Amino acid sequence: MVQIKAHGTDQARWQGPNGKRGYGRDGFAILQIGGYSPSTGIYNQATYPTQLTAMADLRLHTYIWFEVGGDANKAKLVLDYFLPRIKTPKGSIVAIDYEQGASGNVTDNTNAILYAMDRIAQAGYTPMLYTGKPYIYAHVDVARFLSKYSSHLWLAAYPDYKVRSEPLFDFFPSMAGVGMWQFTSTYVLGGLDGNVDLTGITMNGYMNKPDVITVDGYAGQATIKAMQRVLGTVQDGVISGQSKYSSQFAPNFMNIQIGTGGSRMIYNLQKVLGVQADGYFGPTTIAALQARLHVYPDGYAGAATVKQIQSNLNRGHIIID
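Each residue of the sequence shown is one higher than the last, beginning at 1 in this note's numbering.
Wrong hints could be hidden among the right ones.
[Said to hold, decoys possible] Derived DSS-like pairs (lysine-lysine); straight-line CA-CA distance at most 25 Å:
id, residue 1, residue 2
1, 90, 148
2, 148, 162
3, 90, 225
4, 133, 162
5, 307, 225
6, 148, 76
7, 90, 5
[Claimed, not checked] What follows is a set of in silico ranges between Cβ atoms, one per label pair, in the way DEER data are often shown:
id, residue 1, residue 2, range
8, 271, 185, 34 to 44 Å
9, 104, 215, 44 to 54 Å
10, 14, 159, 14 to 24 Å
No lab work stands behind these hints, which were simulated from the structure alone. Note that the coordinates shown come from a computational prediction; the quantities given were computed from them, not determined experimentally. All C-beta atoms, glycine included, are put in the ideal place defined by N, C-alpha and C.
Work out the full structure, taking the sequences as your base and the hints as a guide.
Structure below.
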């Protein structure tokens, strides 16, 4: 019997802006960021950022609908677009969903898949291929895939459409390389994909994480350094010439000129937020930041805003999209 390391779900727009919960024991969720299909081209999934916030208590991972067939140029466009937009931690799973649209050329299909897996790995994430056992054997050179990615398959196989909280291993899609099994699409009443992690792969990105920050609403040096690291600036923990603790991001912090390391941090943050990049942490920047963080837009960066930033930093980055 294969040992189950963890239970979890995968989520797309069908599960709504806050996602849909399975059971209290669930440890992970895999969220769709968007994807590519011939009918729509590249598209974003509007529920990705809101589900990231709503399900932040779980180990969160990402997947991309990947209907590129055997076209390596389309595969490149998809990865060029989505890799910079991944908001789950480095090391976490980024899966490509290859269950539709394969070409008639097995070599081309395999090339496109391996290209995507390699790009995901090079970007610092754990690549996985989601598909079905009959589909992969019909359209992909399985031996070639497994020679490079020996435990990175996420396979779907259901015995039926009854509500099932546990997998029936009589229906396990036995083959080499299975790291995760989607064993039902009716994990709970009304429908939800249920998955089991068979290798511990969903721990990737969530073990031995550096710079764990206390979620206390106080923007001290550890929080500022983590923000500076994420935003690509000098990690000196200083954003105000008067106080290395940044005035706690309190109301009196608005419109204060930022010091040497922090001005670049705020400047980079403003570019990401799409506001005037002037190095001032003023009301416009704060309002834009709060809108992205889904906290109450009160015009000053108080404890609620800082707590959300700290929670997101502990998951590997500032999630603001």
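Evaluation of the provided hints:
no.	hint	in the structure
1	90 with 148	21 Å, holds
2	148 with 162	36 Å, violated
3	90 with 225	18 Å, holds
4	133 with 162	21 Å, holds
5	307 with 225	15 Å, holds
6	148 with 76	19 Å, holds
7	90 with 5	21 Å, holds
8	271 with 185: 34 to 44 Å	41 Å, holds
9	104 with 215: 44 to 54 Å	52 Å, holds
10	14 with 159: 14 to 24 Å	22 Å, holds
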